[in-house]
Structure formats: structure tokens, C-alpha cells
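*Asks:* The residues making up each chain are set out below.
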Amino acid sequence: MVTPSLVLGLGLLVLMQRLWALRGMRKLSQGVSPVSGTFSLDHTARWGQVVWLNGIVLAAFTVLAYLSLSWPSLLGSWLSVGILLLGWGLCWRYLTTRCHARAIGEGMVITLLRLSSLVAIFTTAAIILSLTFEAMAFFRLVSPWDFLFGTHWSPQMALRSDQTGSSGSFGAIPLFAGTLMMTVIALSLALPLGLFSAIFLSQYATRRQRFWLKPILEILSGIPSVVYGFFAVAVIAPALRDFGAYWGLTVMTESALVAGSVMGIMIIPLVSSLCDDVLSAVPKRLKEGALALGATSHEVITGVVVPAALPGIISAFILAFSRAVGETMIVVMAAGIAANLTANPLEPVTTVTVQIVKLLIGDQEFDSPKTLSAYALGFVLFFITLMMNIVAMNRIKAYRARYD
Amino acid sequence: MIDHKNRSFYRRHWRDRVFRRVAVGCVGFAVLALLTLLTSIISQGWGAFVSYSVEIQAQDIPPNLPSSDRAAVVAIITSFLQTPVASKQDVIRLFSADAGSQLVAWLKQPQGPLRLTLSDDADMVLKHSYQDSPLKAEQRKILNDLKTLGVVRRNVHFTFFTAGDSREPELVGIYSALMGSLLTLATAFVMAFPIGVMTAIYLTEYAKPSAWRTWVEININNLAAVPSIVFGLLGLSLFIQFLGWPRSTPLVGGAVLALIILPTLVIATTAALKSVPTSIRMAALAMGASKTQMVFHHVVPYSIPGIMTGSILSMAHILGETAPLLLIGMVAFIVDVPGGITEAATTLPVQIFLWSESPERAFAEKTAGAILVLLVFLLIMNALAIILRHRHQKTWS
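Going down the list, the protein sequences come from chains U and L. Numbers given in my numbering equal positions in the first sequence, counted from 1, plus 97. Numbers given in my numbering equal positions in the second sequence, counted from 1, plus 9.
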């Protein structure tokens, strides 16, 4: 009740100002004292305006009150009356010819826009606060040392708090190792393929080839990760298993290799589009200078273009890394659940994101270490990607400053 | 001497050719990956859109049927086959759990032939002729007999588009998940669009270069690269635990997705606003427009195609988003269409995830079918964005 009336009241106030400014301008154009910037208006007219405009506000309030059938509470009605009185006061204050409606309007718009830009900052702050808060709660139950350097991960299902062994063990090293392995597999596929694709697109491809290849890569990057996850489970995993069996290897259905390689395919377009941008931004004069000296296109690319674009390429790689670390659906579907500290990519491993999903899927209680450990993992994940992003963004900025 | 020089020349150019071929091969790999993905999903998913059923004409139905609907189905089939059947269970398991109610509905209003949907196992055997199917040899024989009698028909499987989730693969549909997606996306759009556009307008048109602006920009660029699962954690603790919004609902899902697309929207809108040339702004100001008039009467209208393109693309991006929705509980088993944004719902990608976890082979087919529907929607949205971009692309000279 109060909120809509507040919104309505403020809206009407702005409308009033607008009308009044228009009226003032018309008067001005009729030749009333343009020198001083103000012109007199008799007292009765001013009051008339106040009464008329507030009549609208009052009518709106009444309609609102009837629509909601009853005043919600005493406090609500007093608040509404207060707002009404405030509206009267503001009317009196603003309904003068000295009032610079345009400046006030501009100020309001700027305030509104500035407030909306606050949302981005609030979001970051909320992420940091909520993760820190819940992670702190977790670290009161489990020591940070055990979490960061323990090698045994089995967050037990605590069905009842008095059950024995309900505490579980939270050594996250197997998760970090699994994440790292998955990321390394994905990146060892995505970085070379993406970089070479970008080299082809920016240096060799004709206009026509670019016209066709760019959208294909965009489609590849637009496919949701849940689809890649299904692709990994339904196509790549059986294919790799058969291939492994042919060579006498046992490839598990849920192996790091399957999830990692599909993740690599998913990241190719990210790397290629970022690298394409930085490679295309290398000034043509550098390239043409090298060509004029008789270098082949291979020598131009490896000797001039890539070194010139290296900071940008490295930052693209860093962004790809942070993307691979945070990727969730592919690993949830195609990698394992059990924490398994191994260096064999043919065995199932689990990652930080898989554990977050597995811990929080279904009902949660916010006082059990099982739920809170997901936040501790999220905290680690967020700060790793944050660091990566900041480094990458600074490098891209430095690179842009170099050639723009 | 000349020979030596020539050798080096050839070696350099040979390297050049190899390098070029490696680059072509890498692009080729990406294209190949896309083609493999699409063909494998189409080859697995086409079956979700067709189903087999048994159609029996009215004159072939015996007059006095047993009162139980399942027994009646068995009676109809055995009398039609005119061969003794070893086990009634074998017959009834060939048909969907829905067959009994289909018979009852037909008996109430006997128009045309009686159509009984086959079970998922029988359906899969007819579609792919698997050898390791869970069907018994007797069941296969019955199925073959029915087939030779010409009553097994292939139909478009409309149930897939009109039903919700189910335990039986032959009865599942994507309708409720699709509606959940729609509600969630609408919520996200309503929340994110005004804030995103206003932030972008502020950053490009109003904010002077200052520490504040840099801070906001850093925040936005960083949020764009935060893993989406972190937003899921935020949604769980902020919206559900702290604000007490109802779990598993499009309201919470939409709010989380809105936070995810906000940076993308801001970046796209900023690019669109920046592409409007300064001369437009100067002209507006010179005619006496205030800054707000200049922005909202001139700059924003010119950049609307760009803003629309950006928002359609970001909508397409969150249409496929799954992980954060798992955390806020949108993984419920939803049969009915959600009635509003405060009712439990699931979305299409989450439904895909849920079905992909099911062990039955028929669910793999449904998963791929749902993926095809999702990809068609994404394709439509992307095509729309591209058309918008091309049609309204203004070249400022």
C-alpha cells in the first residue's frame, strides 16, 4: 500500500513540475519579463495550482485506498498522510517561477541512473559478503588448514545431528587436483586449436570464409553447456571407451579425459574470438613492413603479429583458464562424484564445481558443515577467477593502450 | 651457392604451407566438432518426436470386456492375435501405463480406431531394433505379430509437446519445462533490462571519467567473467535464505539469471550507445535540448536496434543456463505448468539435465529431443538478433 502510493506520489510530482515548466515557458514566450528570469504570478493563482495538483494526488490516494478495500494498518495510513503532506510542501516549494524545472528534472534522471549503476557494485559486494559470511561459518566448524591441505574429502550426509560420524571430512586437495587436471586437459585442447583458428580467421581467411566461419564458431559458443554435457556422456564417453578397449586400455565412462576434452571443445570459440580480436588489432604497417622485407606469411605471423599481440593472447588464455575452472554442467554430467586423488586422466575425478552442485542439490540446512562447505568451495572458486580476471583485464587494457 | 639459397627458400615456403594447413586444420576441427555434435544429437533425438502405437478397428474389439481396464487391453490384444498368449503380464508390459485410460476414453466416445500407445521398451525396439532390449522373446514375438497384421502405426508424438514430466518415458513432455523457462526468462528480463540499460546510459552519457566510473566498469567487466555457479550460491544465500523468497520458483531463478546477464546487457548497450556519432549529440545540444532530452530523444532511439540485439543474445545465453538453477532448487519433478512466478517450476535445460540422469534408454532419446527443441529456440533467437542487426544497421558517414 505504502510503496505504490509513494511511487504514484513521486510520479505525479514530476508530472507537475513538467506541466509547470511548460506553462512558465509559454508565459515567457508571451513576453513576460525575460530579463530577470522570473516573473510575478499572483498569489491566488499559485494556491490554485497547489490545490488543483494536490487534488489529483489526493484523488489517486483515495482510489488506491478503495482499491485495496481497507487501509492496511495504522502505520500505513499515517505514512500515506505523511507522504501527502510532504507532497504539499514540495508543491509549495516548487510551484514558483524561480524553480528551475529542467535542472531538477536532470538531477532526478541522473540520480536514478546513478542508483541503477549501483546494482553492479551491490552484486559484487553481495557475492563477496555472502561467500565470506558462510565460509567463515564453515571455518568455525572445520579448520581452514584441514580444508585447504587435507587429502580426504567425504562430506557425509548428516541425517541427524546426534548421529555418529556426522561431521565428515573436508580435505579439499582432491577437488583442487581434479579441477586442475580437468582444466589442463581442456586448455591443452582449446588453447592451440583456438589460437590457430584465430590465426587462420584473422590472417589467412578470405572475406567469404570469414563470413561463413565466424557464425559457425559463434554457434559453437552459443550451445549451452548442458548440451555439451550430454554430448560428452552420450557420444564421446562410449567412443573413447571403445577406442581405449581397442588399445587395451580401460577408460572409465566418467573419466577426466572425456569431460576435459569436451570442455576444451566448448572453450575453443572463446579463445578464438578473443585472439581474433587482438590479432586483428595489430597495426597493418607492422605486418606489411615484414612482408616488404621478404618474409613469408608464416614468418610474419610467428615473428611479428603474434609477438605484437602476445599480451592480448595471454590474457585470452587466462580468461579461458578461469572459464574452465568455473565450468559446471559438463563436469557434473561427465566427471565423477567421488573424490579421487589420482594423476590418471582415464579415471574419474571430481571438481570444485561438481561438489558445490552435489552438496547443494536438494534440501539444505544452513547450519550443517556439509552445506557450508559448498560456500567455502565457492569462496575459493570466486577468488581464483577474480584474480585471473583482474590480471587479464589489466593486460588487455595495457595492450589496447599500446596500439589504439 | 645458388642451390643453397634455393633450398632455404623452399624450406621457408614449405614451412609456410605446413603452418597454413595446421591453421586450416584447427578451424576444420572446430567445424567438425560442431557437425559431430549436431548429427549425433539429431540422430539420437529424432525418435522423441515420433511414437508407435497399436490401432485396432472398432469391429475387432470383442463385445464383453473385463471390468479392469488393463485386463481389457489384454483381452482385446489376445482376441485380435487369435493365438494363445503365455503371460498376460507380457502383453500389458508392451503397452504404456496410459493404455488403460486410453481404452476407457475410447469406450466412452468410440470414434475411429482404438489407439493404444506402446511402452518405451517396445517403442525403442521398433525404432532401433536393439538386440539387448529388456523385452522378452515372447514379447518380441507378439510385437512382430502385431506388426505383420499391420496395426502398428507410427505417429507424430504430440505428447512430447503437451505433457509435463513423468516417470514413464513415453508419457513425458517438455511443455511445463518450456513454460517454466518462459516465466523465468520473462522475470529475468523485466528485472535486468531497465537496470542494465540505465547503467549503460549512465556510464556512457553522464558519468565523467572518475574513480567512481572506473570502479563501476571494473565491477561490470569482472561480473561478466564470474562463473555462473557463484551466482547460484549468491541466489541461495541472498534471495532464499536472507530474503526468504520461495525456493524452486521462477522468481528466484529469474532474479539470479538477471544478475548473470546484467553485465552482458550493460556491455552490449554501452557498445550500441557508443556507436551513435558525437555529431548527433552536438546537434541536439545546439538546438537547445537538455542533456536528458539529447540522450532520450536522440541517442537512445538510434541505438535501440543495438540494444535489442544485445538483449536477445543475452536472453539466448541464459536460456541455456543450468548450474545456478540447480542450486536454487529448480530441479523439482514438475508435472503441471507453473501458474505463476511464485510456484515451483523447472526450466528446459534443467529438464534436459534431469532426463540425462535417468538410466532408461528411452530417456536418452527424450533428452536429445529436448536438446533439439532448445537448440531450435536458440537458433531462432540468434537469427532474430542477426536479422535485427542487419536490417537496422546504420552506417554513419
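Just so you know, these hints were derived from the structure itself, not from any lab. All C-beta atoms, glycine included, are put in the ideal place defined by N, C-alpha and C. One or more hints might be untrue.
Claimed, not checked - Below 30 angstroms or equal to it, Euclidean Cα-Cα: the simulated DSBU-like pairs (lysine-lysine) are:
(1) K97(L) x K156(L)
(2) K217(L) x K494(U)
(3) K117(L) x K145(L)
(4) K494(U) x K97(L)
(5) K283(L) x K311(U)
(6) K384(U) x K494(U)
(7) K97(L) x K217(L)
(8) K381(U) x K283(L)
Claimed, not checked - With the C-beta cut set under 8 angstroms, the calculated list includes, among others, these residues of chain U facing chain L:
(9) T229
(10) M233
(11) F236
(12) S240
(13) L288
(14) V330
(15) I362
(16) I365
(17) L367
(18) L388
(19) L390
(20) T393
(21) V477
(22) M484
*Asks:* Does K494(U) lie within 30 angstroms of K217(L) when you go C-alpha to C-alpha?
*Replies:* holds, 19 angstroms
*Asks:* Using the nearest Cβ pair, does I362(U) come within less than 8 angstroms of chain L?
*Replies:* holds, 5 angstroms
*Asks:* Holds or violated: K283(L) and K311(U), Cα atoms, limit 30 angstroms.
*Replies:* holds, 24 angstroms
*Asks:* Restraint: V330(U) near chain L, CB-CB cut 8 angstroms. Satisfied or not?
*Replies:* Interface hint status for V330(U): holds (7 angstroms vs cutoff 8 angstroms).
*Asks:* Quick one, is the M484(U) hint okay against chain L at 8 angstroms, beta carbons?
*Replies:* violated, 10 angstroms
*Asks:* Under the criterion of a CB-CB separation shorter than 8 angstroms, is S240(U) in contact with chain L as hinted?
*Replies:* violated, 22 angstroms
*Asks:* Can you verify the interface hint for T229(U): is its Cβ closer than 8 angstroms to any Cβ in chain L?
*Replies:* Constraint on T229(U) not satisfied, violated at 11 angstroms.
*Asks:* Is the hinted pair K494(U) and K97(L) satisfied, with a Cα-Cα distance of at most 30 angstroms?
*Replies:* violated, 74 angstroms
*Asks:* Would the stated hint for V477(U) survive a check requiring a Cβ distance to chain L of less than 8 angstroms?
*Replies:* violated, 11 angstroms
*Asks:* So, F236(U) near chain L? Judge it on the closest CB pair being under 8 angstroms.
*Replies:* violated, 16 angstroms
*Asks:* Holds or violated: is the Cβ of T393(U) closer than 8 angstroms to a Cβ in chain L?
*Replies:* Cβ of T393(U) sits 4 angstroms from chain L, so the hint holds.
*Asks:* For the restraint on L390(U), tell me whether the closest CB of chain L is nearer than 8 angstroms.
*Replies:* violated, 13 angstroms
Checked against the numbered hints given earlier, this structure breaks hints 3, 4, 7, 9, 10, 11, 12, 13, 17, 18, 19, 21, 22; the rest are met.
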